[in-house]
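In this note's numbering, the protein residues as written are 348 to 730.
Don't read these hints as lab results, they were simulated from the structure. Check before you lean on any hint, since a few could be wrong.
[To be verified] Cβ-Cβ distance ranges computed for the label pairs, FRET-style:
1) Glu350 / Arg467: 49 to 57 Å
2) Ser349 / Lys454: 51 to 59 Å
3) Arg585 / Pro465: 55 to 63 Å
4) Gly423 / Arg467: 48 to 56 Å
5) Pro480 / Gly702: 45 to 53 Å
6) Asn484 / Tyr521: 31 to 39 Å
7) Pro641 / Pro465: 47 to 55 Å
8) Asn531 / Pro352: 35 to 43 Å
[What the hints assert, rightly or not] No farther apart than 20 Å at their CA atoms in a straight line, the calculated lysine to aspartate or glutamate pairs in the EDC-like style are these:
9) Lys375 / Glu408
10) Lys517 / Glu350
11) Lys379 / Glu350
12) Lys517 / Asp419
13) Lys502 / Glu426
14) Lys353 / Asp470
15) Lys615 / Glu668
16) Lys454 / Asp470
Computed from a predicted model, the values in this text were never measured in an experiment. C-beta atoms are modelled at their ideal positions from N, C-alpha and C, and glycine is treated no differently.
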Amino acid sequence: MSELPKTADIVIIGGGVVGTAIAYELAKRGVKNIVVLEKSYLSSGSTGRCGAGVRQQWGLEMNCRLAKGSVDIFEGLSEELDYDIEFRQGGYLVLAHSDSQVAQFEKNITLQNSLDIPSRFVDKDEAKEICPPINTNAFIKATYCPTDGHANPFKTNFGYARAAEREGTKIYRYTEATGINVENGRVQAVRIGDDAISTPIVVNTAGPWSREVAAMAGIDIPTYSERHQILVTEPVERIFDTMVISFQIGIYLQQVPHGSFVMGIGEKEEQSQNIRASWQWLEFITKELLDILPILKELRIVRQWAGSYNRTPDAAPILGEHPEVAGFFNAVGFSGHGFMIAPMTAVCIAELITGGEPPVDISPLSADRYDKGELIVEPSVVG
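The task is simple: from the sequences and hints, build the whole structure.
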């Protein structure tokens, strides 16, 4: 590890996609003395274990705006970062299984279209055109947005990190924050073992360890980690481009650029840092999956892994400066959706820190909403 600086304008704890994106956006705004601390390697946490889908089909305006803004950034991000993040827009096909879901999706589409998100209903015939092998008996209707897509999470993380470093950001890998000094309700320094970096601003982007990092500053945030699992198949010739997703079943799957299928499904898990894969989950997903796409029964599974969703009680992130400690900012608790809204989240946090006006009002995502009883209720999430 190279020698740590004695001072920094901003210290970001966590080197995943959210942390490095915030570093980059701050550097773009002229902040020079930025330090990112990553206790392992870049993408070692949730970023490197996620499905990396990017969708705009949400049921709340704030979430639609965060997602639409992120897609707008994703579309030009490879060029901006001078690094190919493999962003592809094959769309999302969202399955409805009941009349109540269809009614909710009608409301969603009206909202999404009002925000220039080009989603629409498709019948079973058009759904089969979009995804030829789909079992049309497994759903009653679907929605589709052609500008939804997928990116490579590793390359996105690395691209942001490289671009931030070009602008002068210092990223310290294998360097774990061990404490945060707070005096008179303000951040003073970050401790790394016996060393310390004096700083007025800390940004918590620690993902599965977000609660522990907040606790270093004497703050209790209601985030917790929960295991989620993914599998990948052998690569085959292109079958379809879209992401297929069901909120009711909790399943998502897509064929990535090199031909493999990547898929996951939510199941009830205890709060823990466990990221070991299980054979029970493998049996569970294959049963649900083959009802939707029977053709996949012929594919061989190459590997399976697990990662952590950093959850909150309302499955919405905690964003912004914490009301109890000046200079301590959170960008945590994304509940499985951090990658897809990372670009616009980074813009909003960078604007808050530098005194600007975030393009999306993220004040409802403040940490004190739980004390106020003002929880976010999003109708369109995968469990």
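Hints, verified against the model:
1. For the hinted restraint 49 to 57 Å between glutamate 350 and arginine 467, the CB-CB distance of approximately 56 Å keeps it satisfied.
2. At about 53 Å, the beta-carbon gap between serine 349 and lysine 454 stays in the expected band of 51 to 59 Å.
3. Taking 55 to 63 Å as the suggested C-beta distance range, the pair arginine 585 and proline 465 does not conform, at roughly 23 Å.
4. In this structure the supplied range 48 to 56 Å is violated for glycine 423 paired with arginine 467, their Cβ-Cβ distance being about 25 Å.
5. Judged by the Cβ atoms, the range 45 to 53 Å given for proline 480 and glycine 702 holds: they are separated by roughly 52 Å.
6. A hinted range of 31 to 39 Å is violated for the C-beta pair asparagine 484 and tyrosine 521, which are about 51 Å apart.
7. Distance hint check: the CB atoms of proline 641 and proline 465 are about 30 Å apart, inconsistent with the given range 47 to 55 Å.
8. Checked against the hint of 35 to 43 Å, the pair asparagine 531 and proline 352 fails, with Cβ atoms roughly 24 Å apart.
9. For the proposed pair lysine 375 and glutamate 408, the alpha carbon gap of about 27 Å is over 20 Å, so the pair is violated.
10. Between lysine 517 and glutamate 350 the CA atoms are separated by roughly 11 Å; this keeps the pair inside 20 Å, and the hint holds.
11. This hinted pair checks out: lysine 379 and glutamate 350 have alpha carbons roughly 18 Å apart, not beyond 20 Å.
12. Of the supplied pair hints, the one linking lysine 517 and aspartate 419 is violated, its CA atoms being roughly 27 Å apart against a limit of 20 Å.
13. With a C-alpha separation of about 13 Å, the suggested pair lysine 502 and glutamate 426 falls inside the 20 Å cut-off, and the hint holds.
14. Of the supplied pair hints, the one linking lysine 353 and aspartate 470 is violated, its CA atoms being roughly 61 Å apart against a limit of 20 Å.
15. Restraint check: the Cα-Cα separation between lysine 615 and glutamate 668 comes to about 31 Å, which exceeds 20 Å; the hinted pair is violated.
16. Between lysine 454 and aspartate 470 the alpha-carbon distance is near 17 Å, which keeps this suggested pair within the 20 Å criterion.
Going down the numbered hints, you'll see the structure goes against 3, 4, 6, 7, 8, 9, 12, 14 and 15, while the others check out.
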